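Based on these hints, arrange chain B on the given structure of chain A.
Note that the protein sequences, when read in sequence, are chains A and B. Read left to right, the first sequence gives residues 57 to 168 (the working numbering). Read left to right, the second sequence gives residues 5 to 121 (the working numbering).
One or more hints might be untrue.
So the derived list for chain A, only partly shown, Cβ under 8 Å to chain B, looks like this [stated by the list, open to error]:
(1) Y95
(2) L102
(3) S136
(4) H138
(5) F146
(6) Y154
It is worth saying that the hints were derived from the structure and are not from the lab. This structure is a prediction, so every number in the text was calculated from the model and none was measured. From the three backbone atoms N, C-alpha and C, an ideal C-beta is built for every residue, glycine too.
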Amino acid sequence: AQSVTQLGSHVSVSEGALVLLRCNYSSSVPPYLFWYVQYPNQGLQLLLKYTSAATLVKGINGFEAEFKKSETSFHLTKPSAHMSDAAEYFCAVSGSDYKLSFGAGTTVTVRA
Amino acid sequence: GAVVSQHPSRVICKSGTSVKIECRSLDFQATTMFWYRQFPKQSLMLMATSNEGSKATYEQGVEKDKFLINHASLTLSTLTVTSAHPEDSSFYICSARDGSGSSYEQYFGPGTRLTVT
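Bound-form chain A, shown alone:
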């Protein structure tokens, strides 16, 4: 079975500062990993995905994530936070049955 753990339920950053959201996974097979963003009362939008190609994955809105097998991690970063980055972020892992297991989520607030 696959699972992900998001470290930190809430992250607060200043506008222009680095955003770092942590995600560790557990998987018995090579994982497919995803980061999604959710704005209030909306569905999920895919930020980026890892599918066993390049370990450094670039996504939308300036986000990127690095897959580190040795650390079983897939942390999400953005060099410079913008006010529009305030949202809920979910890390997810897919199993061979295509089902997604989500982390508990991390709320990002951006201070002006």
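Quick look at chain B alone, frame taken from chain A:
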């Protein structure tokens, strides 16, 4: 890009009535659709997986007689909450997988806010 729609976006119903939520893939054929439930300030919980033309597979603890799922075509899946009660109030989100390839990506709908009074 792949687009998934849900209808309605919000619904209020009285306790004891049934509510149907539609999930449509607009520009691709979805061989598999997933239904999630999300409580406030919580993560998404997978309720069931539906494959076109076959019975849905429910996750442990989800009442299949209460949450009826139908996936009658490659672009439409419906979730019917039967005999709804206030505890069924939640945000329901569907997703769809493009069956034309081997991608593990799911495309999510905008969600339906159900309030049972």
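Hint check against the structure, violated hint numbers in rising order: Violated hints: 1, 3 and 4; rest satisfied.
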